[in-house]
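There are 2 protein chains.
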Amino acid sequence: MIKAIFFDIDDTLYDSTSLTTMARKNSIRAMIDAGLPATDEEKLFRLLETVIQKSGSNYGRHYDELLKELGVAWNPKIIAAGVVAYEHTKVGYLKPFLRVVPTLLELKKKYKLGIISNGLAVKQWEKLIGLGIHHLFDIVATSEELKYEKPQKEIFEFAVKKLNLKPEECAMVGDKLYSDVLGGNRAGMRTIRILKGKRKNEKPASKEEEPDFEIKDISELFRVLEKMK
Amino acid sequence: MIKAIFFDIDDTLYDSTSLTTMARKNSIRAMIDAGLPATDEEKLFRLLETVIQKSGSNYGRHYDELLKELGVAWNPKIIAAGVVAYEHTKVGYLKPFLRVVPTLLELKKKYKLGIISNGLAVKQWEKLIGLGIHHLFDIVATSEELKYEKPQKEIFEFAVKKLNLKPEECAMVGDKLYSDVLGGNRAGMRTIRILKGKRKNEKPASKEEEPDFEIKDISELFRVLEKMK
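Top to bottom, those sequences are chains F and R. Just so we're aligned: the first sequence equals residues 1 to 229 in my numbering. Just so we're aligned: the second sequence equals residues 230 to 458 in my numbering.
This is chain F alone, in the form it adopts within the complex (with noise of 0.2 angstroms):
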């Protein structure tokens, strides 16, 4: 029986994909309005993946990076111009996926809820509380604090520990097949594929990535719940 529910936080909880996508758009076009000398905004928004790619997604000063691919010199407007398109456009876009909070909040009545995600964790407890649903979870197990990271089974297992139950009596939900139901699946736990964000194409790479559910919206997960009695 299930008694504790674990969720992947970008692109499970909240449209990470559009959030990025959006901000850095935003950021690419505050700063050739703040003086970049380019005007191709496509280019430079593929030119700033890249860059980021490179960098990390945690590292701070892609904008410093993107100016030095260009060949232009430092420039703390342009820079600024982008930090402040990008928080701008951030704060509009860090909003629960519909139906995120009222299911959480009725799942909460029967299961313990938990979240299991690669980050640091100010980062990740920053995207929870600026999506109002921090309050919500028993347990926020994150990849900087824990020294493993999803697909590595460690990480669900130490989850599942905290809350003193097995990992047969645990469904982890997400919409990554290589690291949310690749893990989940490795720590015996059931999984269900959420299909949103820019992977909802993908197809299982093995056996091992094949969720026990798909699902469009997290409300069905009352319907897989009961399946799985």
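FYI, nobody ran anything at the bench for these hints, they're computed from the structure.
Each pair of labels, with its calculated beta carbon distance range: (1) Asn393/R - Val91/F: 40 to 46 angstroms; (2) Trp303/R - Lys161/F: 20 to 26 angstroms; (3) Gly264/R - Lys161/F: 18 to 24 angstroms; (4) Gly35/F - Thr268/R: 47 to 53 angstroms.
Here are the simulated lysine-lysine pairs, BS3-like style, with alpha carbons at most 27 angstroms apart: (5) Lys68/F - Lys391/R; (6) Lys123/F - Lys297/R; (7) Lys324/R - Lys90/F; (8) Lys395/R - Lys338/R; (9) Lys68/F - Lys352/R; (10) Lys25/F - Lys319/R; (11) Lys153/F - Lys200/F; (12) Lys95/F - Lys254/R; (13) Lys25/F - Lys123/F; (14) Lys319/R - Lys95/F; (15) Lys319/R - Lys123/F; (16) Lys68/F - Lys376/R; (17) Lys232/R - Lys339/R; (18) Lys254/R - Lys123/F; (19) Lys95/F - Lys324/R; (20) Lys123/F - Lys198/F; (21) Lys54/F - Lys352/R; (22) Lys297/R - Lys147/F; (23) Lys90/F - Lys319/R; (24) Lys123/F - Lys283/R; (25) Lys90/F - Lys352/R; (26) Lys95/F - Lys109/F; (27) Lys324/R - Lys25/F; (28) Lys162/F - Lys297/R.
Computed far set for chain R versus chain F, every beta-carbon distance over 10 angstroms: (29) Ser245; (30) Asn255; (31) Ile261; (32) Asp269; (33) Glu383; (34) Leu392; (35) Asn393; (36) Arg428; (37) Phe442; (38) Arg452.
Just so it is clear, the structure is predicted and the values come from calculations on it, not from any experiment. The C-beta atom is built at its ideal place from N, Cα and C for all residues, glycine as well.
With chain F fixed as given, assemble chain R onto it according to the hints.
Chain R alone, transformed into the frame defined by chain F:
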């Protein structure tokens, strides 16, 4: 004849005192809500002010230090709650003082406009951009870039030279006697003190800190500039 007017940013163009006070108070409240084991908001606020004074306002981990001071283990939920509350409050308060924008637009018809500011270049530009006035200035001189800070006269001299002017052709407007007025006087500029923010009741500590004019509102600049002719 005055040809350029330079401005300080904090407590001159916007209400920096209210922003930092309210953002810190809201961050304390959010951290208590997130589980900080303490309830005296006023006492925590004073402790946070001490921490910020000790580590400097540009240090990135004030809330980590606050937890240390309280003997509380590092807690990403509490820290993130403080960060998010601070950032959200900031957006609400980062607005120009009344009449700043129309006054700057009117002045721009006849004068060069500049900023002379102590602080990190990107952070100061973020303020100008957040205030929506970043396109109005012919020069923005920050202490980080110039390695001199107010009241050192070199930062004023740099800004003046950059516009190909002489100091006596320039006026400095700011709220701080010990940096804006003292520095402007030493550089040979005309100085205008604006009575805003937490320092508005301070008295000049020396003859050198006495401004040529005092105004309560930026729109009084028109009258003052007439007198200077």
